[in-house]
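Peer 1: Sequence:
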Amino acid sequence: MKSFLTRTTGVFSFFIFHSSFAETTNSLAAPALPDTTTSLLRVVGALALVIGLFLGGAWLFKNWRQLALPHGQLPKLNILETRSLGARQAIFVVAYEKQRFLVAASPAGVNLVSHLPDAEVVETEAAGKPAGPMPFAQALAQVLKRK
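The sequence shown begins at 105 in the numbering used here and counts up one residue at a time.
FYI, nobody ran anything at the bench for these hints, they're computed from the structure.
Nothing here was measured: the structure is a model prediction, and the numbers come from that model.
The reader is advised that the hints may include incorrect statements.
Per label pair, the in silico range of CB-to-CB distance [claimed, not checked]:
1) Trp163 with Phe205: 53 to 61 Å
2) Asp222 with Gly190: 24 to 32 Å
3) Lys166 with Gln246: 47 to 55 Å
In silico SDA-like cross-links for lysine to any residue, where the CA-CA straight-line distance does not exceed 20 Å [as the list claims (entries may be wrong)]:
4) Lys180 with Gly156
5) Lys166 with Val147
6) Lys180 with Asp222
7) Lys202 with Thr186
8) Lys202 with Pro221
9) Lys180 with Glu201
10) Lys180 with Val207
11) Lys249 with Met238
12) Lys202 with Leu189
13) Lys180 with Tyr200
14) Lys249 with Pro239
15) Lys202 with Leu216
16) Lys202 with Ser218
17) Lys202 with Leu178
18) Lys180 with Trp168
19) Lys202 with Val217
20) Lys180 with Arg169
21) Lys180 with Val154
22) Lys166 with Val154
23) Lys166 with Gly156
24) Lys202 with His219
25) Lys180 with Gln170
26) Lys202 with Glu224
27) Lys180 with Leu216
28) Lys180 with Leu151
29) Lys180 with Asn167
Using N, Cα and C, we set each Cβ at its ideal position, and we do this for glycine too.
Taking the hints into account, I'd like the entire structure generated from these sequences.
Peer 2: Below, the structure written as structure tokens:
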């Protein structure tokens with residue numbers, strides 16, 4: 105009998121509590137929805153920030169060497185020119201300070217082909233020669249002088 109009384113009291117108190125809770129929640133006004141314009145601006149702003157951070161990171165990844173070198177100091181080792189000779193074979197013109205080398209690379213390894221003239225010698229020779237092709241009249245005159 106005691107358990108029956110306990111059960112009915114518990115069920116009765118539940119209904120009383122639930123009905124009083126329902127009255128208090130129904131009497132409260134529903135919270136207002138946020139303004140659509142404000143929400144849209146926040147989403148667009150966050151998207152612009154994420155895209156800006158991504159593009160900035162990509163730019164830094166691409167240009168990190170230029171930022172790492174002290175200004176005014178040029179790298180001493182450069183690859184001036186590259187030509188592919190076929191599958192996995194290439195030839196390179198490599199410069200270190202004023203010296204230049206012709207280097208071949210293949211799956212077997214990297215080999216020095218020859219030393220090339222220094223950069224200063226090539227620049228002075230190029231200064232003495234005319235830049236670009238010779239005009240036809242001048243070329244014809246040189247050929248006729250040789251005969």
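Peer 1: Taking 20 Å as the top limit, are the C-alpha atoms of lysine 202 and proline 221 close enough?
Peer 2: This hinted pair holds, its Cα atoms lying about 9 Å apart.
Peer 1: Take a quick look at whether lysine 180 and glutamate 201 sit within 20 Å of each other, Cα to Cα.
Peer 2: Judged against 20 Å, a Cα distance of about 5 Å means the pair holds.
Peer 1: Does glutamine 170 lie within 20 Å of lysine 180 when you go C-alpha to C-alpha?
Peer 2: 14 Å, holds
Peer 1: Run the distance test for lysine 202 versus serine 218: straight-line Cα separation, threshold 20 Å.
Peer 2: Status holds; Cα separation ~15 Å.
Peer 1: Does proline 239 lie within 20 Å of lysine 249 when you go C-alpha to C-alpha?
Peer 2: 16 Å, holds
Peer 1: Check the hint pairing lysine 180 with leucine 151 against an upper bound of 20 Å on the C-alpha distance.
Peer 2: 43 Å, violated
Peer 1: Straight-line Cα separation of lysine 249 and methionine 238 no greater than 20 Å?
Peer 2: Holds, at roughly 16 Å.
Peer 1: Can the restraint linking lysine 180 and tryptophan 168 be considered satisfied, given a maximum Cα separation of 20 Å?
Peer 2: 18 Å, holds
Peer 1: For the pair tryptophan 163 and phenylalanine 205, does the Cβ-Cβ distance stay inside 53 to 61 Å?
Peer 2: 33 Å, violated
Peer 1: Given the hinted pair lysine 166 and valine 147, is their alpha-carbon gap at most 20 Å?
Peer 2: Violated: lysine 166 and valine 147 sit about 29 Å apart, past 20 Å.
Peer 1: Is it true that the CA of lysine 202 sits at most 20 Å from the CA of valine 217?
Peer 2: 18 Å, holds
Peer 1: Does leucine 189 lie within 20 Å of lysine 202 when you go C-alpha to C-alpha?
Peer 2: 26 Å, violated
Hint compliance for this structure: hints 1, 4, 5, 12, 21 and 28 are broken, all remaining hints hold.
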